Amino acid sequence: MYVVYIIAFLLFLFVPLIINGIIAFNNDEVPSFPWRGATLDWFYSTNKDHVGVFNDPRMIRAIGMSMRVALLVTAFSLVAGTTSSFLFIRENFRGKQVLYLAIIAPLVIPGIILGISILVFFHGIIGVLKAFFGPHLARPIVRSLRPGFLLVVLGQFSFIGTIATLVISARLRKFPIELEEAAMDLGSSRWGAIFSVTLPYLLPALFSAGILAFLLSFENFSTTLFLIGAKPTLPIFLYSKLRFFITPEINAISVILMGGTALLGLIGMTMRSGKEVG
Amino acid sequence: MEEIKRGTLYTGGSGNSRERPFPWFRLVCLIPLLLWVFGLLVFPHIQLFVISFINNRHPEEGFYLGNYVRFFSEPLYWRIFLRTAMYAIVTTLFTLAICYPTAFFLAKVAKGRWQLGLILVVILPFWISELVRTYSWMIMLRETGVINWILVKLGILSQPVEMLYNDYAIFVGLVYASMLFMLLPIYGVLEGLDDSLIEAAQDLGAKRWTILWEVIWPHSVPGVTSGCIIVFMLALGNYLTPTLMGGKNSLYFTETIYNQFIISWNWNQGAAFGFLLLFLSGLFVWLGLKITRQKLTEVVR
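Residue numbers (the working numbering), protein chains in the order written: chain A, 9 to 286; chain B, 10 to 310.
Any given hint might turn out to be false.
Said to hold, decoys possible - Sample of chain B residues at the chain A side, in silico, Cβ under 10 Å: (1) 57; (2) 110; (3) 121; (4) 271.
Worth flagging that the hints you see were computed from the coordinates, not collected in a lab.
Keep in mind that this is a model prediction, so the values were computed, not measured.
Just so you know, even glycine gets a beta-carbon here, dropped at the ideal spot from N, CA and C.
Given the sequences, and given the hints that come with them, work out the whole structure.
Below is the structure:
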């Protein structure tokens with residue numbers, strides 16, 4: 009009985025995804041069965057009526073936007089995650105506990121609340137800037153603080169940074185501090201010791217935190233929804249498609265996303281299991 | 010010169026190098042953290058709170074309770090709020106019920122290579138974008154979807170039935186989206202349960218259900234709590250699943266907030282609604298932690 013339950017659980021988990029993948033190759037206008045023969049049209053077709061993923065300029069633009077956002081979010085998360093980990097693990101200062109609570113709070117704040125609070129806050133900042141510098145002077149700054157690329161990056165970072173910090177500080181906690189001290193005794197400065205000893209030790213954690221940050225950013229929907237400007241990220245673009253018109257093109261992009269994330273996820277997981285040993 | 014420098018450093022001695030004055034390091038590390046905490050978390054939420062007390066039409070009037078009053082005086086709003094809360098609670102309980110046996114299986118029944126393989130297999134789907142997962146269920150349940158096609162083929166249905174765009178579809182989507190967040194924490198605590206405790210209970214003649222209730226369940230409570238907190242929060246704040254899998258008007262509170270912000274362009278009202286949602290999720294987290302006497306910092310680890 010028990011094994012039957014587990015099998016049912018796994019089927020529930022996988023059947024929708026597998027069918028989604030199969031339909032990407034079905035030669036039919038509707039994403040469903042029956043099977044009408046295999047095709048790669050939904051990946052490559054240039055036919056106007058059923059354009060394939062790689063020839064759909066809006067899809068490509070959305071992927072590009074998501075890539076750029078995800079790379080910047082990953083960079084921010086790694087920098088802030090590493091520096092914050094050093095503070096939380098190594099240093100003692102007043103207010104440390106409060107700051108720690110503040111950065112883990114995003115884990116229990118719904119994503120759309122993070123989105124609207126940042127939207128509202130930066131709108132307020134624009135107001136202040138305009139009042140100080142006049143409407144014309146601050147225009148380039150104002151433009152970048154309106155919903156769009158920068159706000160999406162900041163919004164996603166506000167909680168992805170938390171996850172990066174947790175991953176990195178878990179490894180830093182295990183770091184034998186004597187190694188750093190030894191390096192300093194041998195004449196290196198503290199910066200030198202950190203760059204030559206501590207950061208290499210953190211590398212596996214940085215790697216898996218980076219992959220995690222990239223994936224979380226790439227798929228984020230709720231926070232991004234409120235911060236997007238004229239250029240949508242991939243999930244937002246797909247969402248607008250799903251609401252109105254569904255073709256197997258979406259199955260095709262699903263296959264690409266599933267393949268990509270499974271690959272990155274596997275790499276990240278092997279890195280992290282390496283962390284436990286190290 | 011270099012020799013002297015090294016010498017002084019060395020006589021500084023190992024062990025107290027942490028006390029070596031090094032103001033720059035702390036400062037450099039503190040800047041990103043402070044910008045993040047205040048610039049992206051604290052001030053934005055204060056700002057959100059402040060504007061929820063301002064009248065959208067007459068901002069010059071100052072303190073204004075109307076945005077919150079409207080929530081209680083318009084039955085539509087608080088009904089959607091309660092409905093959303095109910096959804097989140099039922100989703101949480103349902104997810105707990107179907108994930109607990111699987112978590113137990115992964116932690117205690119599966120062994121060796123099987124265990125590792127199964128865990129990998131169970132985790133993998135959750136790396137996949139939420140949108141792809143939701144879409145997969147949409148093409149299963151649609152009127153022209155896969156399940157309908159199978160049922161008609163088998164002769165169980167004479168013609169396709171629309172299974173998407175209703176409340177049950179939302180449930181399926183929400184449960185599917187949040188399973189891993191329940192599974193992993195429970196697996197984590199059960200993994201830490203010593204097998205000999207279960208064996209001891211067996212030796213003492215305890216029945217299976219007694220062991221489950223008196224030994225295994227109490228041990229798993231911390232994991233169950235973190236799982237429930239996360240799943241509740243995710244279900245409550247989910248926008249994607251209810252709008253895609255529910256009907257034209259899925260009547261979910263996140264959608265109400267979205268409408269106030271983007272369609273009615275009434276940010277003040279939207280901010281008030283946002284805070285009510287934040288309050289509810291915060292309340293649930295606090296209750297969960299209080300009941301099981303845990304701290305948030307322990308739960309996230």
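Structure-based check of each hint:
| no. | hint | result |
| --- | --- | --- |
| 1 | 57 | holds, 4 Å |
| 2 | 110 | holds, 6 Å |
| 3 | 121 | violated, 15 Å |
| 4 | 271 | holds, 8 Å |
Checked against the numbered hints given earlier, this structure breaks only hint 3.
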